[in-house]
Amino acid sequence: MIAKRLGSALILLWGITVITFLLVSVVPGDPAAANLSPQAYDDPEIREAFERKWGLDQPLIVQYGTYLANILRGDLGISQQTNRPVLQDLQQYIPATFEIAIPAMIIAVVIAIGLGVYSALRKGTAADNGIRVFSLAGLSTPPFWLALLALYLFFYVLGWLPSGGRLSNDFDPPPSVTGMYTIDALLAGQFNVFADAVWHLVLPVGILALLTVSALLRFVRSAMLEVMDSDFVRSAVAKGLPRRTIVWRHLFKAGLLPILTVTGLMFASLLGGAVLVEQVISWPGLGNYAYRSALSLDLQSILGVTLFIAIVYTVINLIVDVLAGIIDPRIGHA
Amino acid sequence: MSTSFVLKSLDPSTVYEATGAMAVHAVYDTLVTFDGADVTEAQPWLAESFESSADAKTFTFTLRDDAVFADGSTLDSEDVVFSLDRLKNLKGSPSQTVEGLSFTAPDASTVVVTSEIPNPDIPTILAMPSAGIMNADAATKLGASAAEDAATADTVGNALDTESIGSGAYTISSFDPSSKIVLKANPDFWGEAPEFDRVVIQNVDVQNQELAIQKAKNAEIALDLSGPMVEGLPDTLTVSGSLDTSYQLSANRDPAVSEITANPAFSQALSLAVDRTAIAELFGADAVPAAGLVPPAFAGALPESDVQARDIDGAKQLLADAGIANPEVELVYPAITYRGVDLGTIVTRVQQDAAEAGITITLTPQPINAFLDSQGAGKLALGFTPSSLNYPVAASLVNNMAPGAGTALRTGWTVERADPAVIAAGDAVLAATTIEERSGAMEEWQVQMNAHSPFIPLANNSGIAVATADLTNTEYSPAGWIVDLPRVGTK
Numbered sequence: 001m002i003a004k005r006l007g008s009a010l011i012l013l014w015g016i017t018v019i020t021f022l023l024v025s026v027v028p029g030d031p032a033a034a035n036l037s038p039q040a041y042d043d044p045e046i047r048e049a050f051e052r053k054w055g056l057d058q059p060l061i062v063q064y065g066t067y068l069a070n071i072l073r074g075d076l077g078i079s080q081q082t083n084r085p086v087l088q089d090l091q092q093y094i095p096a097t098f099e100i101a102i103p104a105m106i107i108a109v110v111i112a113i114g115l116g117v118y119s120a121l122r123k124g125t126a127a128d129n130g131i132r133v134f135s136l137a138g139l140s141t142p143p144f145w146l147a148l149l150a151l152y153l154f155f156y157v158l159g160w161l162p163s164g165g166r167l168s169n170d171f172d173p174p175p176s177v178t179g180m181y182t183i184d185a186l187l188a189g190q191f192n193v194f195a196d197a198v199w200h201l202v203l204p205v206g207i208l209a210l211l212t213v214s215a216l217l218r219f220v221r222s223a224m225l226e227v228m229d230s231d232f233v234r235s236a237v238a239k240g241l242p243r244r245t246i247v248w249r250h251l252f253k254a255g256l257l258p259i260l261t262v263t264g265l266m267f268a269s270l271l272g273g274a275v276l277v278e279q280v281i282s283w284p285g286l287g288n289y290a291y292r293s294a295l296s297l298d299l300q301s302i303l304g305v306t307l308f309i310a311i312v313y314t315v316i317n318l319i320v321d322v323l324a325g326i327i328d329p330r331i332g333h334a
Numbered sequence: 001m002s003t004s005f006v007l008k009s010l011d012p013s014t015v016y017e018a019t020g021a022m023a024v025h026a027v028y029d030t031l032v033t034f035d036g037a038d039v040t041e042a043q044p045w046l047a048e049s050f051e052s053s054a055d056a057k058t059f060t061f062t063l064r065d066d067a068v069f070a071d072g073s074t075l076d077s078e079d080v081v082f083s084l085d086r087l088k089n090l091k092g093s094p095s096q097t098v099e100g101l102s103f104t105a106p107d108a109s110t111v112v113v114t115s116e117i118p119n120p121d122i123p124t125i126l127a128m129p130s131a132g133i134m135n136a137d138a139a140t141k142l143g144a145s146a147a148e149d150a151a152t153a154d155t156v157g158n159a160l161d162t163e164s165i166g167s168g169a170y171t172i173s174s175f176d177p178s179s180k181i182v183l184k185a186n187p188d189f190w191g192e193a194p195e196f197d198r199v200v201i202q203n204v205d206v207q208n209q210e211l212a213i214q215k216a217k218n219a220e221i222a223l224d225l226s227g228p229m230v231e232g233l234p235d236t237l238t239v240s241g242s243l244d245t246s247y248q249l250s251a252n253r254d255p256a257v258s259e260i261t262a263n264p265a266f267s268q269a270l271s272l273a274v275d276r277t278a279i280a281e282l283f284g285a286d287a288v289p290a291a292g293l294v295p296p297a298f299a300g301a302l303p304e305s306d307v308q309a310r311d312i313d314g315a316k317q318l319l320a321d322a323g324i325a326n327p328e329v330e331l332v333y334p335a336i337t338y339r340g341v342d343l344g345t346i347v348t349r350v351q352q353d354a355a356e357a358g359i360t361i362t363l364t365p366q367p368i369n370a371f372l373d374s375q376g377a378g379k380l381a382l383g384f385t386p387s388s389l390n391y392p393v394a395a396s397l398v399n400n401m402a403p404g405a406g407t408a409l410r411t412g413w414t415v416e417r418a419d420p421a422v423i424a425a426g427d428a429v430l431a432a433t434t435i436e437e438r439s440g441a442m443e444e445w446q447v448q449m450n451a452h453s454p455f456i457p458l459a460n461n462s463g464i465a466v467a468t469a470d471l472t473n474t475e476y477s478p479a480g481w482i483v484d485l486p487r488v489g490t491k
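Chains as they are written, first to last, in full-length UniProt numbering: chain X, 1 to 334; chain H, 1 to 491.
Hints are supplied without guarantee of correctness; some may be wrong.
[Stated by the list, open to error] Derived Cβ-Cβ restraints for the label pairs, each shown as a range:
| no. | chain 1 | residue 1 | chain 2 | residue 2 | range |
| --- | --- | --- | --- | --- | --- |
| 1 | X | Thr178 | H | Asp197 | 21 to 31 angstroms |
| 2 | H | Asp188 | X | Leu153 | 41 to 51 angstroms |
| 3 | X | Gln58 | H | Glu148 | 58 to 68 angstroms |
| 4 | H | Thr433 | X | Val26 | 42 to 52 angstroms |
| 5 | X | Leu153 | H | Thr490 | 23 to 33 angstroms |
| 6 | X | Val315 | H | Ser73 | 46 to 56 angstroms |
| 7 | H | Glu328 | X | Asn169 | 50 to 60 angstroms |
| 8 | H | Gly100 | X | Glu51 | 46 to 56 angstroms |
| 9 | X | Leu225 | H | Gly157 | 56 to 66 angstroms |
| 10 | X | Leu186 | H | Asp188 | 33 to 43 angstroms |
| 11 | H | Asp197 | X | Trp248 | 53 to 63 angstroms |
Source of the hints: derived by calculation from the structure; they are not laboratory data. Positions of the beta carbon are idealized from the N, C-alpha and C atoms, including for glycine.
Pulled out of the complex, with its shape left as it was, chain H reads as follows (with noise of 0.2 angstroms):
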């Protein structure tokens, strides 16, 4: 495997860089799982069944029976709750994921999840390698704590970078945070032996994958490789993405930062103006305009009909009803190139298509721990980014970008600016008590969204796995682990 590293732990508790999901899904097994690449129905894993209440707080896990870790102990209910209660207290980067749930085993092979709210995502939550479950008494030895206090109790330190206290199809065998992980097939996993013994996930540089997987003479993937990049490969190598990212312009609403993006008329006038399909194309073959705000991969996203049309007289027209005359404003974005593409290149084109519609736009990049500052602090008038979910559960979008939310408060948007429908519509994605409902919410969410929203939907690409020919089942997976290592075999 080649990938660029993002990579800081392999603690599943803490877990929520790409490369370290990657290996901990490989490593520690879920509640539930999903099947290839198709993340919008959870399927049993560790648990043979699940079910939900009505209303969509309480899920009853039913654990099967053979299911044993590393070292040959039974899994059971407690190492799940210690698990569980772990990440959530741990207070991590993906800690979030669960918070206001908790976690009982009323008997050895029964874990029950109560949510205070309805929840119906709870089992895609559960999937994610961050939920990982570990031997609760070999993690304690190791200095584990799953108490409320774990965030300063836990002494488990960087422990699980090099020790395999999972139940997954494989062990560590040795790991360098900037180079490599190697992977040892588990010979006590409890289900289908993995194809390969030995798994190597190699840090290597994007130029160097391009070159290094059309040479390969051993089975390998490259997981970096852009839409632009694929297009020269040969085509005996095995090509798969999923249009799992998308990119969006923030104006923000807070007048102390700008009087003309704290006007809606100008988040509205901006969107009529931008080529969307123009825009898409910069990206490569693989990318498609946005409709809205989730990303085609995920359930709860747009249809492409919804693609927002360009309108320039439209645009002008909404500048001159609202008194904006000569709109002049400083696009910030991060100064990086992401999946393959100069952002300086999109936010170019959108500045030439503003232009038609008579706003100017100054263009400044910044590095991107800079741009990650001002954007934290809510200074950025217009800001540009690329964005992707955490985890594939769409309505987690709500929690972050409904207005008063985390996201929307760093675009000045407040309840009291807010328009009365996009909180409604929020309030409904969130009171959902089915994945199905929860989808149809979704969709009207964002069509408030692009209403009323200071958030302009440009374009969405893929994440995309890039195999040599002998591979089966190593299709990217938009759940979070990228490619399921313990699936891959050879035809």
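Extracted from the complex, chain X is given alone in its bound form (with noise of 0.2 angstroms):
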């Protein structure tokens, strides 16, 4: 099943390079325009340098060919806006963004777990209204407003957390390892800058958190209330097995898939929607690149963006295929 889902998954991401690549050229907008000063646009000389370094003088056709080559030997090309290649720069943003996507999922998915089976369990109560109400709230919510406003109560009012950024200006970054700066500053043993690091994780983690928790959570209830109407967790508490062992061995055991599926969705879904989030605490990861990139019209890093996240989604799915089939071994014969 694995291998026939690999197969899948590479026509999958060939038909992402060719629609990307497509949609990136009728968009309105002419990169040697969004890269060049107006007076430089205007010379024809330096206009045909600049179309004749990226490749944009050849035909579109040709263009997509070699973008095609290249990335079958791992060349993403190279980026207008930084002029780096595309690679160098996913393998330094994809960690940032990973160390506040990762530690924010955790946190969320614990926190909805346990107030979304709480809810469900207290369909129609005080506790059940309040936090839906909550989730709403969250959900109806501009990130970049949440953002904004916990910049200012956390950093200008109470003073307890950093204004933005990886680490403070007195602190270089680690030797890269991981490109995580808590990880490698612990690998290098500096744990001035690992502190340092955490100090600043609070603010972006906390905020993503909250967000995904809000989502989740209406997930964690709604899949928990569906699964408490069968006729099996009915049996279960006429057999009088204890409470507990009916919520978390029955009851959210039958649950789980579809939380997992979302849960995997979010995942993917927060590695390249924190744009707005990562713009405000000033957060040089893959939502920065991505929005940086899309302003300057920066073709090879789009496709570099939108490939990384497709390769994301589709491993995610894969893996949370291969989990729905170890928690229910029918799907795996489907």
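Bring the two chains, given one by one in their own frames, into a single complex with the hints.
Here is the structure:
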């Protein structure tokens, strides 16, 4: 099954390169106009040099062919905005985003499962209503507004947290091993850098976790409620099984599949969708990079980010499918 | 330093974005420079003196003999010629600033710059960060080329983002194009050592900057706060600005694009209809109504007394005399916030003002890239955009906005469609052989442009630097490097 899924994934990724390439090419906007000064753009010689340098003077099909051949060699091209290989950019910005997305997701999953199960078990009570209002409020809050509010409160008013960035200006980044400053600082034995990096993580991780909890706990609650009406749960209650056993061994296990699927998708979305939070908190991650790439019509970077996100979605879906087969063996045979 | 990054490279020959120019200015010295925020007269720097020929076509620079690069090697005229030739031949964004110039080194301490046409602004051009002088030997080892085919032969790539081959007060410690540049003091700097051993230029969202500068515990400068934001800051912070940005409408003169805007009477009527004072107020207390195309920060700007007064009756009369009845025009503008001001609020005011003169304007915001594309193709009937000089030479506007020039052609303003008086005024600017003569000619050119061109200047506002109270020499400079980092000190 895994080999078959991998084959499908490769076809899917190829399709994504075609669609993204075409979309980026037909979007109104001239990369030369976006990257050169107006005066330089008016100079035909300078404009031609720019187009020649970036291969924009070639027919679209040739540009795509070159791009695809380069990808197969592991070369994602050179970014017009950073003048560096896109792969090098991704290697720098992906760990920065992972560093906030992974803890945010872990915190969000733990809280969402706890609150979602609690809310479902107490359906219709004040606690349930309170949790639902919290969830709705979180879902309705624009991420950038929440980020600004958190920044104002925790940095400006209370002074508990830094205003942004990955490290204080007094510190240099630790020697890069994983690209995640906390881990790299520990590996290098730089504990003051580690503490500073953790301090800088609190705000973005907290914001992303809050936004994710709001969405995830609704799925947990509804998945649990759906299972609670099942015959096997009523049978378990009738048999007099302890409440804890019913909730976690029967109810939760049965509701785990949709929760797992949604969690996987939300993690993937978190990697590419934290643009506004990264912008406000000045976090140099993948979202920030994608935003700047779009503004400067940086074709190679846009394609690189899109391809990475597509790979993440594909891999996560694959993992979810495998896990689903383990949780419910019937799925593996379907 | 907190700023919203506008940065592609730290290679002086390709740098033209604000953040990059600020860092490059600290790493690479130039032949001449400016004293603080005063950009009217270039001062000696690597060149201890310079002189111009009477026709302003030849400039001779005599280099000081104690300047050394960061690796300790001596800076001489071959390095200067290599750097300026590379700037010219690399065909990057700043290359057009030295078009028509050639560079020679008759001896180790002399550089001669020759221009095809009279150009008294050459010293100003050579003060720009893009004219920074690099160690030719070190650059060549990195793959740099100054030859005529440098656009293809140069293989230096992004090596200069991390290598410091200049003679400036700082060297590059680390470079991340999306978030942070760290500079450290050059221990072998030939001049007075800078006050700070380490300078961090950090990408910080503008809302974040506003909060952070008020809570700063260390020496800090915020570079992106707009006029309205600055008004609410505590008095303990040092605020400086310079009116270096202009905002203008452009009405396309190509009848194939719009029969209405192609009529010069339409531009004149719209110019009379807009309330420039009210528009300037929308930009904050630091803004002023525009008298002409040259922002007040630069030599050649028109005095504020020349701001065109609002005259609704006059506007209506112009339209009636030209036979333009109930004109309806689409105004396209980039849907961005520029220097803290949503451009939509400005064009909405223009729309209201124009309506009083019987001009119906439909507003069409476009994403910035789509706007640049439409503007570049000359498809906009009526456009609105901010603009600032790439380098502090007002005469560069003539090169771009005179009939038949690049920007003018984007508004369909060909030589054939232009009034001869405008062309003559532009020619007078380009023929001037001294700064003073050129400034006077620029003023006359703007008077003619106000009367005949498709460009309608509306307002000017400032770039602003906000510094913590303990710092000195943090004034905002319209020279292109924003703040002169090597000169920043403490009280």
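- Task: Could you see if the CB distance from Asp197/H to Trp248/X stays within 53 to 63 angstroms?
- Result: holds (58 angstroms)
- Item | Verdict for Leu153/X, Thr490/H (Cβ pair) under range 23 to 33 angstroms | holds (32 angstroms)
- Item | Outcome of range test on Cβ distance (Val315/X, Ser73/H; 46 to 56 angstroms) | About 51 angstroms separates the Cβ atoms of Val315/X and Ser73/H, which means 46 to 56 angstroms holds.
- Message: Assuming the hint says 58 to 68 angstroms, is it satisfied by the Cβ distance from Gln58/X to Glu148/H or not?
- Response: At roughly 24 angstroms between Cβ atoms, Glu148/H and Gln58/X fall outside 58 to 68 angstroms, so the hint is violated.
- Given the hint of 21 to 31 angstroms, check if Thr178/X and Asp197/H actually sit that far apart at their C-beta atoms. Holds - the Cβ-Cβ distance for Thr178/X and Asp197/H, about 30 angstroms, lies within 21 to 31 angstroms.
- Item | Hint check for Leu153/X and Asp188/H - Cβ pair distance inside 41 to 51 angstroms | holds (47 angstroms)
- Message: Between the beta carbons of Leu186/X and Asp188/H, is the distance compatible with 33 to 43 angstroms?
- Response: Given a distance of about 36 angstroms, which is inside 33 to 43 angstroms, the answer is holds.
- Could you say whether the range 42 to 52 angstroms given as a hint is met by the Cβ separation of Thr433/H and Val26/X? holds (51 angstroms)
- Task: Given the range 56 to 66 angstroms, decide if the beta-carbon distance of Leu225/X to Gly157/H lies inside it.
- Result: holds (58 angstroms)
- Query: Is it true that Glu328/H and Asn169/X lie within 50 to 60 angstroms of each other by Cβ?
  - Reply: holds (54 angstroms)
- Query: How does the Cβ-Cβ distance of Gly100/H and Glu51/X compare with 46 to 56 angstroms: does it lie in that range?
  - Reply: Cβ of Gly100/H to Cβ of Glu51/X: about 23 angstroms, so the range 46 to 56 angstroms is violated.
Comparing the model with each numbered hint stated earlier shows that hints 3 and 8 do not hold.
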